[in-house]
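Visitor: Residue strings, one per chain:
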Amino acid sequence: MNNSKLNDLLAEYRTKLLAISQLQQLRDLEIELFGKKGALQAALKAIKDVPVEERKSFGQEANAVKEQLTVLLEQRRQALLEEAERVPYSFDITRPGVAGSRGSLHPITAMQYKLDDAFRSLGFEVYEGPELSSEAYDFDCLNFVADHPARESMDTFWLAGTEDRRGGERLSLRPHLTGASVRYMQTHTPPFRFVYPGRVYRNESTDASHERAFYQYEALIVDRAVSFSAGKLLVNTILETVFGKPIKTRMRSGFFPFVEPGFEIDMECQVCGGSGCSVCGQSGWVEMMPGGPPHPNVFRAGGIDPEQWQGFYINIGLDRLVMMRHNVNDIRLFRSMDLRFFQQFA
Amino acid sequence: MKLSLNWLSDFVSLPEGLSNKQLAYDLTMSTVEVEDMIDLGAAFKDIVLAKVLEVAQHPNAERLKVCQLDTGTGEASEVVCGAENVRAGILVALAKPGALVTGKGATEPTRLKASKIRGVTSNGMICAADEIGLAELFPHTGERGILELSNLEGVSAQLGAGLAECLGLADTIIEIDNKSLTNRPDLWGHYGVARELAAIYRQELKPLPRLELPAENSKLLSVRIDAGRECLRYQGVLLDGIENSQSPFWMQRRLSSVGQRPINLLVDLTNYVLFATGQPLHVFDRKKLSGSTIYVRNAAPGEQLALLDDTQIELGSNDIVIADERSPHALAGVMGGENSAADSDTTTVVLEIASFNGAMVRGAAGRHGKRTESSVRFEKCIDIARVDLAAEYYLHLLRQIQPNSGLLAASNVASEYANASEAGSRIKVSHDFIVSRIGQQIAQSDIKSILGSLGFAVEMTGSDFALTVPSWRATGDVSIKDDIVEEVARLYGYDNLVFSPPSVVLERAVLQPRVELEKEIKRILSFRLGMHEVFSYPWIESRYNEAAGLSQADELKLADPPAESQAAIQSSLIPNMLLGVKVNLRHIQRFSLYEVASVFRLADAKDLSQSAQKSGYTGVEARFNQPKMISGAVVENSFEEAFFGLKGALESLFAQLPLAGVEFLAAAEAPEWLAEGAAMVVRVAGSEIGHFGLVNKRTARLLGLERAGVALFEFCLDLLKPDPSLARTYQPLHQFPVVDFDLALLCDESCKWQSIEKVARGAHRYVQAVSFLEEYRGSQIPEGKKSISLKLTLLDPSATLTSEQIESSTKKVIARLGAELGVELRTQ
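The listed protein sequences correspond, in order, to chains A and B.
Sequential numbering of the first sequence, starting at 436, is according to my numbering.
Sequential numbering of the second sequence, starting at 10, is according to my numbering.
Simulated from the structure, these hints should not be mistaken for laboratory data.
Some hints could be false.
Some but not every residue of chain B turned toward chain A, in silico, with C-beta under 7 Å [claimed, not checked]:
#, residue
1, Ser299
2, Val444
3, Ile533
4, His541
5, Phe600
6, Phe633
For each residue, glycine too, the CB sits at the ideal point set by N, CA and C.
With the hints as extra help, turn the sequences into a complete structure.
Guide: Below you can see the structure in the form of structure tokens.
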């Protein structure tokens, strides 16, 4: 490099470029250097003072300097850009996000829907019977003997004005779901399988573990051959759906008028894993639900020939299951309408 | 119910090495639920039989003595004792350090420690009966007395041996859940449970010992039954030569172990036979009866009876009593009378063993509030055959204990109804039937042996079983062949059944649009619109019903409601929804909730035909209509926010459901609970399905809700007819840009958005949509006017709009609004 002016220019702007820290300064410097009235143009104008024979080399040198300055400027621009992008956003990212809408299904409904889905995947229909029902359906059709104490006791909510009548004339808020199965049988032709979830009512005093209204889930399968052990399919479907894993169960002798034979169905205690603890009374088992094949008299009430058809019922209280699942310690919360409770399931 | 394992073992030998845990499991799986197994011996650990060798005065305490005891170790044990009756030579119960004793005044036992008492080391404690839980068996030791075991029958005098072994107190009590026994009258005594154990473990059931009844002698004793079907059989036995002292220790021990306090020989004997056989018995002191005839009859209204529990009852004509020729002496099957009770002077008694009707006894026990060991057993319907079994067992025991007692006469009367009920029922069932129900091959011989062990008489013809049901099961739970299947299955063992899934028939998919619709509605409300689903009750607080303007003279009521004010059952979900609003306003200002439930109404003629179509409604039920409703509330800080919050939620909901023709219209006639001018009716496919709007001001005032913006809705879900075939039709995407143009308009207060939208929409072909932005009233707006801002969405489907086109289109909209609605462009 012979031309000292060009050299000076290169040195001067190399220093200037290194000195700046803002992109705007870089843009200003770019104009100052490469603009129409910029330093480079000014330096190039000196060509007219260069002897003709040196003009070629001057031109080459001038281009080289321009090239170098361009590269330097571009490098500086990249460096400044990167630096600027490294500056972090200043807001507090630990603040909550903008709230979406968060409502909830009642936890019992949520459980019911899970069970419905599981049973529908097995080809079960979802059925619903009326809540205002009669002694005819809820006792007579279900093989309760005429003088069965449950008919007399105060724990059924009879409708005023009908409480002293009998059968179809004696109406109540249904004390259980099973009567609905007879309504289904009367209007459908086997084979069939269905679930019928719903609310039921009993007149008793309430406390943390007793309610007047609760939610049951019942299933009935009727086919040519339904062995006792097939009932296990229903039981296991329920418990696996609720607990999200296979649960060990056992069936033992129990008595309910509408099934013959009657079973009590227990599941392995989930607290101790079956080794025995205070929750399961050291037995390792927790009583979960009754079940069994419909009593021939119930089949007959439903218009189904007990010689031709077999079946299996199971019935489970959803309140208690949901209490177990979510550690709820007061059954009355389910009908409290208190959103401080329900928001916890949103 | 408590059962003693020792007692059971009188009647059946259990397998060697059977653990209590296994026994509880087997009994639970096959027969009844075992709730607990209690080891009675455990309470007597480290309490041993000892002999007092020497008694010396305590050097430092006047009232204490220092005793040297022989505990069989060869070395005397020194114990400090304060009892007045401690003396050399007697046998005592010594609690060694570590034993559980209940100190004076304490209620729970604590563990004894070796200690120094006034400077003398005491290696244990000589016990009083109540200190080691034996007060019931040894009630006669005084306040400051220790238990003396010297003259006790059945005490083996091996010093140092455990007290439980010496006194025969080592036993296991099996606690049974009574609920699991209600259908098994045979299991309310040890003998019945022993029969089950014999069947479970294939062991022999030992026969009950018996002594034959004496001959009839109507001069000495006669019985007359005049009670229809309420007493099927009455066995009276006249006994004399009895010394009614204490019953033998072994009997007291047994009774005490199952929770029955020993009283005297005659009473203890009846209780013993009751707990052994399940058959209640009673004794009358013969001296206290008038005449030699026992009458079983209906009580005369107003007749009085003093009962054994020191209460006096007034009888009614539906009570059955046992009476002499003058007055009643027992409430049949429930409790005996005070006036003929056996006491220490009693020598001659009439023993009663009878068969009373279960429902009659349950009724009497309920009416008079006397549930007794006797009544709970009769309620379960005890078989008539047990009368003789229990009578002869009683006589056997009495003669064993008091060989001098005399059996004078019996009087056995059966009612005319007894024969019909006595006939053993017979069941025919095939091997195939049993096997197919259980779903498992079980050999005929196994079935025969199971049924035989339960007392069934089994005859076989080919592979058919002809069975005679034993009397003790015939009154309870066995009457049809399905019952036989259960007997076989439960004793074969449910645990032994191999799981076989039902065979699959694929016929059709389960399609239930209505079920799906309800689920979809709940999911949208909860998960997209942020509402919370709640449950309430079908009964309503009358205050809420009245505030909602819904109470009626003919509303449906419960005969026995949860509370006086909650007698009515709901004809609308609104009252309980208002309650839900009220409950939550205590804690939250803004919220929304909903419920899906049935309501109950008397059906009108139109409903009648509808409900008759629904499955299973017959008779009087059809007079009621119980549609399923959905109701909800949106609560906001202002009325406007609440109204439009709810309206928006409902618009969004219905837009997502498979329903066609949904309209929201200003309601001309709104329900009582809605406010005038803020009530809308929702119609779907032309039918009204319900209403929504702001809560009526009167309703709000009555319930103290005035300060919140509360909007309510209620629709009938049953009226929604989902059409799953409904689908949205795709519209091609616009090729050219749409242009949004905002307008601020000034219009009369009476001018409705619905009209503005309609006019603007139709004003020019470029107008694709007209959207509401804001309604405004303020200082710049003249009185009687309001400002409405809206957004026009403009589009030419075939080209990009030029600014001239946009301007002319907008002008046309303004002009039409001006011409038709008097709306002008706002200039300020």
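Visitor: Evaluate each hint against the coordinates.
Guide: Evaluation of the provided hints:
| no. | hint | verdict |
| --- | --- | --- |
| 1 | Ser299 | violated, 35 Å |
| 2 | Val444 | violated, 10 Å |
| 3 | Ile533 | violated, 9 Å |
| 4 | His541 | holds, 5 Å |
| 5 | Phe600 | holds, 6 Å |
| 6 | Phe633 | holds, 6 Å |
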